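S.K.: Starting from the known structure of chain A, fit chain B onto it as the hints suggest.
Now for the letters of each chain:
Number of protein chains: 2
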Amino acid sequence: MVEDASPQLREVSAALAPHTGRAHIVGITGSPGVGKSTSTSALVTAMRKAGKRVGVLAVDPSSPFSGGALLGDRVRMQDHATDPGVYIRSMASRGHLGGLSWAAPQALRVLDAAGCDVILVETVGVGQSEVEIAGLADTTLVLIAPGMGDGIQAAKAGILEIGDIYVVNKADRDGAPQVRRELRNMIALAERAPDAWKPPIVLTVASKGEGVDEVAAEIANHLEHLSATGELRERRHRRVRSEIEAIALVGVQKRFAGLSGDSRLDSLADGVLEGKNDPFSAADVLIESLSG
Amino acid sequence: MVEDASPQLREVSAALAPHTGRAHIVGITGSPGVGKSTSTSALVTAMRKAGKRVGVLAVDPSSPFSGGALLGDRVRMQDHATDPGVYIRSMASRGHLGGLSWAAPQALRVLDAAGCDVILVETVGVGQSEVEIAGLADTTLVLIAPGMGDGIQAAKAGILEIGDIYVVNKADRDGAPQVRRELRNMIALAERAPDAWKPPIVLTVASKGEGVDEVAAEIANHLEHLSATGELRERRHRRVRSEIEAIALVGVQKRFAGLSGDSRLDSLADGVLEGKNDPFSAADVLIESLSG
Numbered sequence: 001m002v003e004d005a006s007p008q009l010r011e012v013s014a015a016l017a018p019h020t021g022r023a024h025i026v027g028i029t030g031s032p033g034v035g036k037s038t039s040t041s042a043l044v045t046a047m048r049k050a051g052k053r054v055g056v057l058a059v060d061p062s063s064p065f066s067g068g069a070l071l072g073d074r075v076r077m078q079d080h081a082t083d084p085g086v087y088i089r090s091m092a093s094r095g096h097l098g099g100l101s102w103a104a105p106q107a108l109r110v111l112d113a114a115g116c117d118v119i120l121v122e123t124v125g126v127g128q129s130e131v132e133i134a135g136l137a138d139t140t141l142v143l144i145a146p147g148m149g150d151g152i153q154a155a156k157a158g159i160l161e162i163g164d165i166y167v168v169n170k171a172d173r174d175g176a177p178q179v180r181r182e183l184r185n186m187i188a189l190a191e192r193a194p195d196a197w198k199p200p201i202v203l204t205v206a207s208k209g210e211g212v213d214e215v216a217a218e219i220a221n222h223l224e225h226l227s228a229t230g231e232l233r234e235r236r237h238r239r240v241r242s243e244i245e246a247i248a249l250v251g252v253q254k255r256f257a258g259l260s261g262d263s264r265l266d267s268l269a270d271g272v273l274e275g276k277n278d279p280f281s282a283a284d285v286l287i288e289s290l291s292g
Numbered sequence: 001m002v003e004d005a006s007p008q009l010r011e012v013s014a015a016l017a018p019h020t021g022r023a024h025i026v027g028i029t030g031s032p033g034v035g036k037s038t039s040t041s042a043l044v045t046a047m048r049k050a051g052k053r054v055g056v057l058a059v060d061p062s063s064p065f066s067g068g069a070l071l072g073d074r075v076r077m078q079d080h081a082t083d084p085g086v087y088i089r090s091m092a093s094r095g096h097l098g099g100l101s102w103a104a105p106q107a108l109r110v111l112d113a114a115g116c117d118v119i120l121v122e123t124v125g126v127g128q129s130e131v132e133i134a135g136l137a138d139t140t141l142v143l144i145a146p147g148m149g150d151g152i153q154a155a156k157a158g159i160l161e162i163g164d165i166y167v168v169n170k171a172d173r174d175g176a177p178q179v180r181r182e183l184r185n186m187i188a189l190a191e192r193a194p195d196a197w198k199p200p201i202v203l204t205v206a207s208k209g210e211g212v213d214e215v216a217a218e219i220a221n222h223l224e225h226l227s228a229t230g231e232l233r234e235r236r237h238r239r240v241r242s243e244i245e246a247i248a249l250v251g252v253q254k255r256f257a258g259l260s261g262d263s264r265l266d267s268l269a270d271g272v273l274e275g276k277n278d279p280f281s282a283a284d285v286l287i288e289s290l291s292g
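One line per chain: the protein sequences are A and B, in this order.
With the first letter of the first sequence counted as 1, position 108 gets the number 108 in our numbering; the numbers rise by one all the way through.
With the first letter of the second sequence counted as 1, position 31 gets the number 31 in our numbering; the numbers rise by one all the way through.
Excised from the complex, chain A in its bound form (with noise of 0.2 angstroms):
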């Protein structure tokens, strides 16, 4: 339902709401080739292992399709194929109107409600989602590989301001202290408040398992600092304001479309392409059809 934006979604929301806010909610960021899907793997066997259940929310903003297996890097996670406290799920956001930020939020809540205690949220495809994506979390998780063109120069761009916790995969390689000696420097460097939390880095061979444990456990202190704190509250409260926003967005877009039967749209287009109106003045009518 969340996937086809089902109509029916409404009546499945209100009946979730009481059974929601319960899960932890952790983004899993970083480059392609960094290890995103192994170190996914890894931490829903250390969790499993503390006898938690798992969601895993594999989101790729950059395609069309949605579904259980559909993505090749899922293969990563058939270690978890048969295990019932694990629940895994691919979805596409490309072409959905409004796009990821409507219909992620939608689906974490079902996967709260169905009783996981952590969900993590990992993104498929690459570019700028990665920060919407941490905007889902409760925490994120960035991961950094050593030998990564130019190492953490080359995430700077967005991904470095986000994290709660870096991990450094591919530890065993050559110029993995280095990428922790950058990423230290950067976290000394950034300006906090003296209680504020201050990321840690973890070193893992996620495919060997190495270091996994510490990221779970690392997980679990930042979720005992973001309830202590009062944060865990704010930073849900953001994330509820964004959600209702996106849906009240798609419900106008809706009624633009509506409006006397999409013709009113036309013909404000049809004056602007002529250079008759401005797109602004243009918008300014469509918005005040709304209540007329």
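Please keep in mind that the hints were generated in silico from the structure rather than gathered at the bench.
From a predicted model like this one, the values you see are computed outputs, not experimental measurements.
Treat the hints with care, as some may be off.
Put simply, identical chains are the same to the list, so a pair is met inside one copy or across any two.
In silico DSS-like cross-links for lysine-lysine, where the CA-CA straight-line distance does not exceed 30 angstroms [to be verified]: (1) Lys198 <-> Lys208; (2) Lys52 <-> Lys208; (3) Lys208 <-> Lys49; (4) Lys52 <-> Lys276; (5) Lys276 <-> Lys254; (6) Lys198 <-> Lys52; (7) Lys49 <-> Lys198.
M.R.: Then chain B, alone, in the frame of chain A:
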């Protein structure tokens, strides 16, 4: 003003409106490493030879930084830095309310009104934005290079569907004939009306300027086809519709934020956080507040 989403942009847009609609907007997409910047620069050279005024808009949806010379790749454009018939601008949209769908059309309007005959829109970042960029253009070039991972398989997720012209760059490398063959098959398999445009495939070595005149000629052919069939008007109409809608949605979003000093959305978010309400009902209340 566009980059800052300045309030004065409204007046400017109104003043520019009668002067827009002349430029041929050409999108240039492709995976990182296929030679987008080099190809863009070579196309500028070819179009300048033909006496055209050329605008280049390099869009990076993953970066928060805008500016004429901030992005490293722009270095390749320095051949044209002193040519008054070429205007080059880098543009970022991360963090922009409304994102690329809001900001890029406004930048294109400015370049259009400034008298550019052709505007090349190149993506600097990666990911889903490719398809978004194609939505901005009259003509979309898809660049592919041999020896990039899985060949054209790798690109299949989205960008292969959107090309009006396919360019196999780095065609002096092994594998170029193979890429051309695969593209040919793909194009042959696609369903299209008998009189529809059939995307040509051009082989280039952009770094040496080889094949670039042919690309420029195909770009001109495509424009002619679009004009002759009335498709140009249709594409632009669709585009202006989206543009008006994007501006209106940002306008609505600003009104949401302004509702009773923002407290409306806050209390709705609290209700959802506490499980008393679901986000869909909250969104309905938010939309109703607009007319209230």
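S.K.: Hint by hint, say whether it matches the structure.
M.R.: Here is how each hint holds up against the structure:
1. In this assembly of identical chains, the alpha carbons of Lys198 and Lys208 lie at most 30 angstroms apart only when taken from the same copy (27 angstroms versus 50 angstroms across copies).
2. Taking the shortest alpha-carbon separations for Lys52 and Lys208, only the intra-copy value of 21 angstroms comes in at or below 30 angstroms, while the best inter-copy value is 58 angstroms.
3. In this homomeric assembly, Lys208 and Lys49 come within 30 angstroms of each other (Cα to Cα) only inside a single copy, at 16 angstroms, whereas the closest approach across copies is 58 angstroms.
4. Taking the closest pair of Cα atoms, Lys52 and Lys276 come within 30 angstroms of each other only across two copies (26 angstroms); inside a single copy the shortest separation is 62 angstroms, beyond that limit.
5. For the identical chains of this complex, Lys276 and Lys254 are neighbours both inside a copy (26 angstroms) and across copies (26 angstroms), given an alpha-carbon limit of 30 angstroms.
6. Taking the closest pair of Cα atoms, Lys198 and Lys52 come within 30 angstroms of each other only inside a single copy of the chain (26 angstroms); across copies the shortest separation is 55 angstroms, beyond that limit.
7. In this assembly of identical chains, the alpha carbons of Lys49 and Lys198 lie at most 30 angstroms apart only when taken from the same copy (27 angstroms versus 57 angstroms across copies).
When held up to the earlier numbered hints, the structure conflicts with none and fits them all.
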